[in-house]
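Asks: Listed below, chain by chain, are the residues.
Protein chains: 2
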Amino acid sequence: MSYKIAIMGATGAVGREIIEVLSNRKFPVEELKLYASQRSAGKVMETPFGKITIEDADTADYSELDIAFFAISGSWSKANAKKATDAGCYVIDNSSAYRYDDNVPLVVPEINTHAIGDSKLIANPNCTTAIAAIPLYALHKEYGLEKVIISTYQATSGAGAAGMNELINETRNYLEDKEVYHQAFVHPIVFNTIPHIDSFQENDYTREEMKVVWETHKIFEEPDIPISCTCVRIPTLRVHGESIVVETEKPISPDEAKKLLASVEGVELKDDIENNVYPMPLTATHKYDVEVGRIRQNIVFGDHGLEFFVCGDQILKGAALNAVQIAEQL
Amino acid sequence: MSYKIAIMGATGAVGREIIEVLSNRKFPVEELKLYASQRSAGKVMETPFGKITIEDADTADYSELDIAFFAISGSWSKANAKKATDAGCYVIDNSSAYRYDDNVPLVVPEINTHAIGDSKLIANPNCTTAIAAIPLYALHKEYGLEKVIISTYQATSGAGAAGMNELINETRNYLEDKEVYHQAFVHPIVFNTIPHIDSFQENDYTREEMKVVWETHKIFEEPDIPISCTCVRIPTLRVHGESIVVETEKPISPDEAKKLLASVEGVELKDDIENNVYPMPLTATHKYDVEVGRIRQNIVFGDHGLEFFVCGDQILKGAALNAVQIAEQL
Chain P
1 MSYKIAIMGA TGAVGREIIE VLSNRKFPVE ELKLYASQRS AGKVMETPFG
51 KITIEDADTA DYSELDIAFF AISGSWSKAN AKKATDAGCY VIDNSSAYRY
101 DDNVPLVVPE INTHAIGDSK LIANPNCTTA IAAIPLYALH KEYGLEKVII
151 STYQATSGAG AAGMNELINE TRNYLEDKEV YHQAFVHPIV FNTIPHIDSF
201 QENDYTREEM KVVWETHKIF EEPDIPISCT CVRIPTLRVH GESIVVETEK
251 PISPDEAKKL LASVEGVELK DDIENNVYPM PLTATHKYDV EVGRIRQNIV
301 FGDHGLEFFV CGDQILKGAA LNAVQIAEQL
Chain C
1 MSYKIAIMGA TGAVGREIIE VLSNRKFPVE ELKLYASQRS AGKVMETPFG
51 KITIEDADTA DYSELDIAFF AISGSWSKAN AKKATDAGCY VIDNSSAYRY
101 DDNVPLVVPE INTHAIGDSK LIANPNCTTA IAAIPLYALH KEYGLEKVII
151 STYQATSGAG AAGMNELINE TRNYLEDKEV YHQAFVHPIV FNTIPHIDSF
201 QENDYTREEM KVVWETHKIF EEPDIPISCT CVRIPTLRVH GESIVVETEK
251 PISPDEAKKL LASVEGVELK DDIENNVYPM PLTATHKYDV EVGRIRQNIV
301 FGDHGLEFFV CGDQILKGAA LNAVQIAEQL
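Each protein sequence line maps, in turn, to chains P and C. The opening position of the first sequence corresponds to residue 1 in the UniProt record's numbering, with each subsequent residue numbered one higher. The opening position of the second sequence corresponds to residue 1 in the UniProt record's numbering, with each subsequent residue numbered one higher.
Everything labelled a hint here was simulated from the structure, so no lab data went into it. As the structure is a prediction and not an experimental result, all values here were calculated from the model. One or more of the hints may lead you astray.
From the structure, some residues in chain C lie toward chain P, with a derived Cβ separation under 7 Å [stated by the list, open to error]: (1) Ile149; (2) Ser151; (3) Val186; (4) Phe200; (5) Pro281; (6) Arg296.
For each residue, glycine too, the CB sits at the ideal point set by N, CA and C.
Could you put the whole structure together from the sequences, leaning on the hints where they help?
Replies: See the structure below:
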């Protein structure tokens, strides 16, 4: 059996990567339709599925489609998801529009495929959540998470192709002593770090930070695990790093944790400090698995504490790959 | 009264900055002598104190000096500190050689000037320690620190001028599609993050991470505060960022903490999220004060928890400024 697939937002960083992932994972595509804003309609895109003319996303006929990947914006998803599912099309939404809707499953396939049930609309988690969730869930099942404290090192790809282009172009300007502009980010990102991603909330955490809390609770079906997060944009291209400290209910040893994590689907254990092997954007870029390493007994929580570092390709596991993995489950 | 000052390692990033700080803070310099390796001896350096010919550090006559700043290497400090202090010269050592020696005071002037006593040899803390210590000590005095969890965003200046040059030059190579080399860092730092600074220890933390633990304990004279740290090198130039979560003995409110930190010497409160004001390398570069912001009630530790972000110029507060501030106390 094969499927009629549409990508809404095909010209964006995530949209383009979904096409690649569909091809690389040999997803049974009967027909691939590409949609974007009216501005891009009519352009022809080279893909592993041949040359495809981009159509205006607002004109899509969902009754002719089996699965649509939504990768445009939250407001666009809000305006179009019901139309699509009413027409019988599955929607995998990459935006945050439906993630916190109790009626919409939020899915990391390695963790909670069962949550899909008979829903036609499935939400894809935030990249920072998805990358941390895979090792965290494995630890939670085995040891019980009592506390989770995260600090992130987030790449410019989180702001899409525009973010990556801004880093490249403005770094070039900086090195040529030209003026450095910024538009994709609140401040210049060149040789800078910005501890501010998405809008500030009532509790002075950013929405990006709270997404990790809300979404991890929903995906794990464990609303009471205390989780906190500081999200920081740094001048890297497409891999998010996360420094994670956990306290566990049962005692935990780094050796046991390494053995466990080495066996987890979606994790690549990169923990060979004698040979300077640990997670890095340099090695995690374009990789489907999340790199996990620097695993050690956390000093603060002692034999109930673990500290580690993860790196995941924000566009892949953080978005496109996870979306295609959801489609594979439908 | 004015003093005969020597800088051992005057050509390095820290040495050069010590000269600037002495000048900017109008330190009473009677005579400034500059020393470096034999290789640099004979070169003439332009300084705010006039043109000075660099001499071979191994030939210094300490009996003619009042204060020597050591900024060459740990092994060089080990080999020369006793000779200098025996000759009656104060030594302010920027290396880690004596930091963990019970007989040598380790000093952040805003915190523990009293520790200097009558010691002729004073150790300057690691940059990551010094930057976090100032806000942490203020919180500790008022609320009592029960737990401290840190993740760092460390600039290439931590590896000296060579580190900063490698970032600039190799970024240029990357953007010109040329091969990217690395020598100052274990892996290429261009658009990368490296969760590995200094050597790995028995407990799988790095020495850089343990320095924060050991030195904070010594400076605060509180060896029992549980502290953990993940140190990460990122592609920035000269400001270290630190994401910090603390649990306190007494209940703590973000508003009270802001009021307290705003009054602390050495701290610049940068916490106006409505106007996108928070600590960043972009604003903390070349600044004497440590920027502190993103102050909020930590979710995990509730009303006994605080989470915040700091940025400090690694070469200034992390090294040169702190060293000169020590000299001002002598």
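Asks: Hint by hint, say whether it matches the structure.
Replies: Now for the hints, and whether the structure bears them out:
Hint status for C/Ile149 relative to chain P: holds, with the closest Cβ pair at about 5 Å, below 7 Å. Among the interface hints, the one on C/Ser151 holds; its C-beta lies about 4 Å from the nearest C-beta in chain P, closer than the 7 Å criterion. Satisfaction of the interface hint for C/Val186 is found here, the shortest Cβ-Cβ separation to chain P being roughly 5 Å, below the 7 Å cut-off. Annotation: C/Phe200 was flagged as interfacial toward chain P, and the flag holds, the nearest CB pair being 5 Å apart, inside 7 Å.
Nearest Cβ of chain P to the Cβ of C/Pro281: about 5 Å, under the 7 Å cut. The hint holds. Checking C/Arg296 against chain P: minimum C-beta separation of about 4 Å stays under 7 Å; hint holds.
When held up to the earlier numbered hints, the structure conflicts with none and fits them all.
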